[in-house]
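S.K.: Let chain B serve as the given structure and place chain E on it in line with the hints.
For reference, the chains in residue letters:
Protein chains: 2
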Amino acid sequence: MDVLRYLRDRARLVEREIHRWVPEFEPVVLARAAGHLIGAGGKRLRPCLVITACEAVGGKTEDALETAAAIELLHTFTLIHDDIMDRDKFRRNVKTVHEVWGEPMAIIAGDALFARVFEAVAENARRLSLGKSRVIELFDTLSKASFEICRGQAMDMVFEEMDEVTEGEYMDMVAKKTGALTEASAKVGALLGGGTPRQVKALGAYGLLIGTAFQIQDDVLGVTGDRKKFGKPIGSDIREGKRTLVVLRALSSASKKDKRDILRALGRRNASEREIETAIHALGRTGAIDYVLQKARRLVAEAKAQLAPLSESNAKSMLLALADFVVEREF
Amino acid sequence: MDVLRYLRDRARLVEREIHRWVPEFEPVVLARAAGHLIGAGGKRLRPCLVITACEAVGGKTEDALETAAAIELLHTFTLIHDDIMDRDKFRRNVKTVHEVWGEPMAIIAGDALFARVFEAVAENARRLSLGKSRVIELFDTLSKASFEICRGQAMDMVFEEMDEVTEGEYMDMVAKKTGALTEASAKVGALLGGGTPRQVKALGAYGLLIGTAFQIQDDVLGVTGDRKKFGKPIGSDIREGKRTLVVLRALSSASKKDKRDILRALGRRNASEREIETAIHALGRTGAIDYVLQKARRLVAEAKAQLAPLSESNAKSMLLALADFVVEREF
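In order, the protein sequences belong to chains B and E.
When you read off a place in the first sequence, starting at 1, and then add 50, the result is the number in the working numbering.
When you read off a place in the second sequence, starting at 1, and then add 50, the result is the number in the working numbering.
Where hints are given, some of them may not hold.
Pairs count within a copy or across copies, as identical chains cannot be separated in the list.
Simulated crosslink set (DSS-like; lysine-lysine; CA at most 25 Å straight-line) [unchecked claim]: (1) Lys110 to Lys354; (2) Lys182 to Lys110; (3) Lys182 to Lys251; (4) Lys110 to Lys251; (5) Lys278 to Lys139; (6) Lys182 to Lys194.
Think of the hints as simulated: they come from the structure by calculation, not from any bench.
This one's a predicted model, so the numbers in the text were calculated from it and none came from an experiment.
Chain B on its own, in the form it takes in the complex (with noise of 0.2 Å):
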């Protein structure tokens, strides 16, 4: 099946249903702000796992429709405020919020996406024939990995400014900062498809492994990807001093030369085109790269294998696709 295809019909289905939520409204430089991101488009991989995962607990695809948009509108917001964080000036070909609107209202405009989120779910909940306590875990589901993500971007800033960083301590920051949404994501999808508790294990599991191989491929294309495909500045990763793991691992097995050359641009904000296509390199030569690749690779078997409790269903097999498409992508 081509996931590419499948995730394009699916986005067109969350598509309108996203853009109900970010209407416009008063103050309209708000709403503008809020709607910036959302408007440049976007893989929606996420709204598209709630789809996926409700359909493939026996749920119907319009059961999960307000909450897959609340999850675009949860997930855009964790971009907007990342990007004023990490001094981002491109996101999705576009300039971020902050560039254009100023941080002051970039802040709000993620909290006003941020506030939309449970509205959209309640709204969902509201026309389906939940049990109470199934509605509750929606919302208890939601928060909790909210609050997730913020440990995770704050525990990769707090990265940032120390000297060594453990594989473990990685992979734990990245389940929180990735893993934690797409874990929420299909764990959302199976309750309003009305899974079981096994189903709705099975598929937040699934959902960790791929948000957090989908991360580590993200940090592998920021500094091998293509600038136009990839929609983000190559290198901004090194320029920032992110401890992603084809650095840390890199700097753990590097010549002296190498580690020279990486260490050089790596958290120079002002570090030369240059400088960092030798960094580049150097990560390459290390070897590091393709370790971190097969780690991944390792990760979407893991996630495939998650779901083997649910029964053979178109739903499922895309599911699977899109276990491979995150390590594939290059975009």
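M.R.: Using the frame of chain B, we list chain E on its own:
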């Protein structure tokens, strides 16, 4: 009845509950930043409102505890982000979060508090025998209020750049920025206490009115208050160019000289202490402060009238006294 004592008693009740939601966690720096303003005290007016509204419709004090804490988390989240946007340096007699930990960590600290709001409400809902639709209404009310607060804060920012703001625009902004949360506080209290739809509505209206009066009083204290009691520098609203009702009213009725004295300081962050004092004296001479205080008192009278449908109880007496406190307080 002594409102301050009542507030202190109720505050003690919610205090432990609030702290349970900002425990130590990794990374410690985030936990500290998130807990900073909560640890600095505060009137806990909103959580007390939740509990008293719950009692006023016949609920038990403990029925609303987690949600009372949730409202304080939500309130503190808005304070942390507002302080960043307004570049305020002090709050509750301590340094603001971004002054101690920097803006990026302050942004996440606010986000982390907001994230926990709905988890606390979920825990509250789980142990009560509320119907499903009432549970959804709880989450929906808090989500919508959060969104209104963001709109109000954005309007406040937009007004700073406008030449003229009408009294109606100001009232609309304040209803969102401050009224929405006190409205939600009273509403969720009534929902948790098993209030009838009519009681829930009446308490919501009461909350909106006292919140609006509260903000107007806050604006007055910002120019006439005692710095120690008030907890933040007097005159900072003027330096930030805030279009408070006092300023709006004064500008529309001031003599040429008074207007000049006000405009010389308004929106000038580096205005001298003397210029600020001169502006405050000019504000006083226009009669704007008296006008505004009268307006706040009218709102409080209206708020009290909303409580007519509630049968007599200690809780109802407290709500009446709370309304008076809002415009009589000096902190």
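S.K.: Of the hints stated earlier, which fail here?
M.R.: The structure breaks none of the hints.
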